[in-house]
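A.B. asks: From first to last, the protein sequence lines are chains G and R.
In short: position in the first sequence from 1, add 3, done, that's this note's numbering.
In short: position in the second sequence from 1, add 325, done, that's this note's numbering.
It is possible that part of the hints are untrue.
[As the list claims (entries may be wrong)] Estimated spans, in silico, between C-beta atoms of each pair: (1) R/Leu634 with G/Asn148: 54 to 60 angstroms; (2) G/Asn127 with R/Asn489: 22 to 28 angstroms; (3) R/Asn621 with G/Arg30: 51 to 57 angstroms; (4) G/Phe11 with R/Ile478: 47 to 53 angstroms.
[To be verified] Stretch-level coverage of chain G by chain R, calculated; a stretch enters the list once three of its residues show a Cβ under 8 angstroms from a Cβ in chain R: (5) 38-52; (6) 338-345; (7) 362-372.
None of these hints come from the bench; they were simulated from the model.
Just so it is clear, CB atoms sit at the ideal spot from N, CA and C, and this is done for glycine as well.
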Amino acid sequence: MKKVKSSFAIIMIVLISLFLSGCWNYRDVDKLNVVSGITVDKSLDNDKYLLTAEIVEIETGGRESILNSSKVQAEGETFFDAIRNMISTAGKKLFFSHMKVVIISQDVAREGIIQIADFITRDNEPRLELNLLVSKEETASEILNYRTIGEELRSLKLYEMLESQRNLSKAPIIRCVDFIQAASSDGECAILPLVGGTMMKGEKTLEISGTAVFKKDKLIGFLDGDETKYLLFIKNMINYGILPEMGKGKVTNHSISLEIFKNKTKIKPIYSDGKISIHIDTKTTAAIGEHGNETNFIDKKGRDELKTYAEKSLEKNIKALVRKVQVEYDADIFGFGNEIKIKMPWVWREISSDWDNLFQDLTVNVISKMDITTSGSVIKPIRIGE
Amino acid sequence: MDNEKLSSRQGLSILIMFILGSTLILAPWREGGKDGWASIFIAMVMIVPMFFVYSRLISIFPGKDLFDLQQELFGKIAGKITTFFLVWYSIHLCTLVNRNMSEFIQIVSLTDTPLFTIAIVGGVFYIWIVKGGIEVIGRYAAFIMPLSLISIIVVSVLLIPKLNADNLRPIMYNGITPVLKGAASVFGFPFAETFLFTIVFNSLENKNKTFKIYLLGMSISGFFLIATAIRNIAALGETVNSVVYFPSYLAVALVNIQDFIDRIEVLVGADFIFLGFLKCSICLYAACKGFAKIFNIKDYRQITAPIGLMVSIMSIFIYKSTMEMYEWASENYIYYIVPFSIILPIITLIAAEIRVHSKKHKKKS
Numbered sequence: 004m005k006k007v008k009s010s011f012a013i014i015m016i017v018l019i020s021l022f023l024s025g026c027w028n029y030r031d032v033d034k035l036n037v038v039s040g041i042t043v044d045k046s047l048d049n050d051k052y053l054l055t056a057e058i059v060e061i062e063t064g065g066r067e068s069i070l071n072s073s074k075v076q077a078e079g080e081t082f083f084d085a086i087r088n089m090i091s092t093a094g095k096k097l098f099f100s101h102m103k104v105v106i107i108s109q110d111v112a113r114e115g116i117i118q119i120a121d122f123i124t125r126d127n128e129p130r131l132e133l134n135l136l137v138s139k140e141e142t143a144s145e146i147l148n149y150r151t152i153g154e155e156l157r158s159l160k161l162y163e164m165l166e167s168q169r170n171l172s173k174a175p176i177i178r179c180v181d182f183i184q185a186a187s188s189d190g191e192c193a194i195l196p197l198v199g200g201t202m203m204k205g206e207k208t209l210e211i212s213g214t215a216v217f218k219k220d221k222l223i224g225f226l227d228g229d230e231t232k233y234l235l236f237i238k239n240m241i242n243y244g245i246l247p248e249m250g251k252g253k254v255t256n257h258s259i260s261l262e263i264f265k266n267k268t269k270i271k272p273i274y275s276d277g278k279i280s281i282h283i284d285t286k287t288t289a290a291i292g293e294h295g296n297e298t299n300f301i302d303k304k305g306r307d308e309l310k311t312y313a314e315k316s317l318e319k320n321i322k323a324l325v326r327k328v329q330v331e332y333d334a335d336i337f338g339f340g341n342e343i344k345i346k347m348p349w350v351w352r353e354i355s356s357d358w359d360n361l362f363q364d365l366t367v368n369v370i371s372k373m374d375i376t377t378s379g380s381v382i383k384p385i386r387i388g389e
Numbered sequence: 326m327d328n329e330k331l332s333s334r335q336g337l338s339i340l341i342m343f344i345l346g347s348t349l350i351l352a353p354w355r356e357g358g359k360d361g362w363a364s365i366f367i368a369m370v371m372i373v374p375m376f377f378v379y380s381r382l383i384s385i386f387p388g389k390d391l392f393d394l395q396q397e398l399f400g401k402i403a404g405k406i407t408t409f410f411l412v413w414y415s416i417h418l419c420t421l422v423n424r425n426m427s428e429f430i431q432i433v434s435l436t437d438t439p440l441f442t443i444a445i446v447g448g449v450f451y452i453w454i455v456k457g458g459i460e461v462i463g464r465y466a467a468f469i470m471p472l473s474l475i476s477i478i479v480v481s482v483l484l485i486p487k488l489n490a491d492n493l494r495p496i497m498y499n500g501i502t503p504v505l506k507g508a509a510s511v512f513g514f515p516f517a518e519t520f521l522f523t524i525v526f527n528s529l530e531n532k533n534k535t536f537k538i539y540l541l542g543m544s545i546s547g548f549f550l551i552a553t554a555i556r557n558i559a560a561l562g563e564t565v566n567s568v569v570y571f572p573s574y575l576a577v578a579l580v581n582i583q584d585f586i587d588r589i590e591v592l593v594g595a596d597f598i599f600l601g602f603l604k605c606s607i608c609l610y611a612a613c614k615g616f617a618k619i620f621n622i623k624d625y626r627q628i629t630a631p632i633g634l635m636v637s638i639m640s641i642f643i644y645k646s647t648m649e650m651y652e653w654a655s656e657n658y659i660y661y662i663v664p665f666s667i668i669l670p671i672i673t674l675i676a677a678e679i680r681v682h683s684k685k686h687k688k689k690s
C-alpha cells in the first residue's frame with residue numbers, strides 16, 4: 004500500500020512539473036517589440052494597406068531608463084496581413100497589449116474602418132479601451148514624425164493629450180468600444196477626434212483638435228475645434244472649457260472669458276401632429292475667468308447682462324452647429340435618434356427607417372441656462388487711469 | 326457504503342458555484358439582447374417549481390439518491406438504462422464545461438497552446454478532487470465561494486465609472502419574444518442543470534433544508550447573474566456584448582482607474598477557472614456515482630480516473646471548432662437538456678409517489 008502511495012506521488016510530481024512549469028506561450032520581454040501606437044495608411048502606388056508602428060525602445064544605462072521611439076513600416080493586402088508583415092523588418096513579433104492609439108488616415112477612413120475595430124475586438128492583445136484618431140494631414144504616418152512637447156513617444160503623448168482634452172473640450176475622447184457602439188447604432192453616427200500638426204518654432208508640432216464625422220464606418224467630413232466644443236455640449240460630454248467670445252460684439256469691445264465648471268445637457272424629443280422635434284436644455288455653471296473691461300460685469304446688473312448674453316450666444320452657436328451638420332453631412336452625430344428610441348420607442352419604430360431624411364429637416368430648439376457662480380479673487384474690474 | 330456528510334453551508338456554496346460556473350463567462354442570457362437581465366429573472370421564477378420536484382426526490386426515500394431510485398422504482402434492467410442516460414448527461418456536461426474552460430484559456434491567453442494540454446491538465450485536477458470525495462469538494466466550495474463572490478463584486482464596483490445606463494434603454498424595444506427566448510436559454514443553462522444536486526444533496530446532514538438551500542442558492546447566484554448582465558451591457562454596449570464569446574472578460578478589461586488600476590480582467594479568468602472547476606468536479610462526481618450503481622461497484626472513487634480521463638479526451642474531439650461549440654451550446658442545448666432535467670425527474674417522482682402511497686395503503690389494510 005505504501006509503495007502504491009509513493010509511486011502515485013512520484014507520478015503526480017512528474018505530471019505537475021511537466022504541465023505546470025511555466026506557460027506554453029512563454030515570451031521574454033526582450034524578445035518582444037512593444038507597440039505603443041500604429042498608423043494606418045493606404046499606399047499611394049498600389050491599393051495596399053501601409054502600416055507604421057511606433058515601437059518603444061527602452062534604453063537602460065545611467066540611473067533612469069529612457070524610452071525611445073522607433074518605427075516599423077509594412078504593406079499588406081489586408082490590415083492583419085500588414086501587421087504580420089512588419090515582422091520581416093522588425094525581426095521580432097510585435098506586442099500590442101500596450102497600444103494606446105490607432106491613427107487612421109483620411110483615405111482609409113473614407114473607405115470604412117470597421118475591419119480595424121474588428122481586429123481590435125477579435126485579437127487578444129489590443130485592448131478595447133484604446134483610442135482611435137483620424138489624421139488631419141495627408142498621411143497618418145507623418146504624425147509620428149512631428150515634434151512633441153516633453154515626451155519622445157508620440158503615441159503616449161497623444162494619449163496624454165487626449166486625456167487632457169477634458170480641460171479643453173475641443174476634441175471628443177472616443178474609445179474603440181464607443182466607436183463600435185455608435186457605428187452599429189441606427190440612431191447615432193460615430194465621431195472620432197482629429198489629430199494634426201501645427202507650425203510652432205518652424206516645426207510641425209502635434210495637435211489634437213476637432214472632430215471627424217462618420218456615417219456608418221465611413222468618414223464624411225470634419226468639424227473644427229470650436230464646433231467640437233458645441234458638439235460636446237449637445238452630447239453632454241463637456242467637463243471643463245472656456246467660452247471666450249462672450250465679450251466681443253454688442254456688450255463690450257473688450258474681452259471677457261467664462262470658464263465652464265459643470266454642464267448638464269438634456270435632450271428631449273417632442274412628438275406632436277406626426278412631427279418630431281428636438282428640445283435641447285443646457286445648464287451650465289461657469290465662472291468669470293477673465294475680465295478686460297471697464298464696464299462692471301461682476302455686480303448684479305452686469306452679471307445679469309452677461310448671463311443673458313452668454314446664454315444667447317451659446318444657443319446661437321449650438322443651433323448653427325446643428326444646422327451645419329444637417330445641411331453638410333446629414334449625419335446624426337448628436338445621437339438624437341437614440342434619444343427618441345430611448346424616450347419614445349413607439350415613435351422610433353415608425354420613423355427609424357426614414358431617419359436620414361427626417362434628420363435633415365429636424366427642428367431643434369435650444370434653451371441654455373448659465374449660472375455664473377464666482378469671479379475668481381477679483382471683486383470688481385481693475386480701473387485703468389485716464 | 327459511504328457516509329460522507331455535507332453541512333448546509335457547504336451545500337449552499339457548491340450550489341452557488343455550480344450555477345455561476347461557466348454561466349458568468351458564457352452569458353447565455355444574451356439571446357435576450359439588451360434585456361438579458363429580465364430573461365434571467367423570468368428563468369429564476371420558472372425554475373422554482375422544478376426545485377419542488379428535486380427536493381422532494383431527495384427526501385421521499387431517505388438515503389436514496391436519484392440513481393438508487395431508478396433501480397428501485399423501474400426494476401433492475403430498466404432502471405439501469407435510465408441511470409445510464411443520466412450518467413451520459415453528467416459526462417457530457419462535464420465535457421462541455423471542460424471544453425468551454427479550455428477554449429476560454431486558449432482564446433484569451435494561451436493562443437499557441439494546444440487544447441489537449443489545457444483540457445488534460447484540468448482533467449487531472451477533477452480526478453484528484455473527486456477521489457477525495459464530496460466532503461473535499463464541499464470544503465473547497467465553502468472556502469472559494471466567498472472569495473470568488475468578493476472578487477466579482479470588486480471588479481464590478483471598479484467598473485462603475487465606465488458604465489453607461491443609456492446602453493440598457495429602451496427596455497424591451499423588440500417586444501417580449503427575445504426576452505422569453507433568453508429566459509429559456511438561462512432556464513436550461515444553468516438553472517435546470519441543478520437536477521444533478523439530487524445526487525449531491527443526498528449527502529446533506531440536514532435533508533429538510535434541501536428546498537431552502539435550492540431557493541437561497543438560486544437567489545444569490547441569480548442576483549449575481551443579473552448584476553453581471555446589466556454590467557456587461559452597460560459597459561460594452563449592445564453590439565460588442567453580442568458579438569464576442571466572453572463578454573464578461575472584455576467588460577472588465579475596460580476597468581481603468583487613473584492608469585493605476587487596470588488590466589484586472591485576469592480576476593474574471595481566475596473566477597471562471599475556480600467556478601468551472603467545481604462544476605466539472607460535480608459532474609464527474611455524479612457520473613462516477615452513476616457508473617458505480619450500474620456496475621455494482623462498491624466505491625465510486627475507484628472509477629474516477631478512467632472516467633475523468635475519458636472526459637478530458639472527449640472534450641477535445643467533441644467539437645471541431647470554437648464556432649461549432651458555441652452554435653451547439655446556444656441553439657441545441659435547451660432542447661437537449663429537457664428529457665434529463667425535467668421529464669425524467671418528474672416521471673421518477675410520480676413513480677415514487679405512487680410507491681409511497683401504495684405502501685401506506687398496504688400498511689393500513
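A.B. asks: Taking the numbered hints from earlier one at a time, note which ones the structure violates and give those numbers from smallest to largest.
C.D. replies: Those not satisfied are hints 4, 5, 7.
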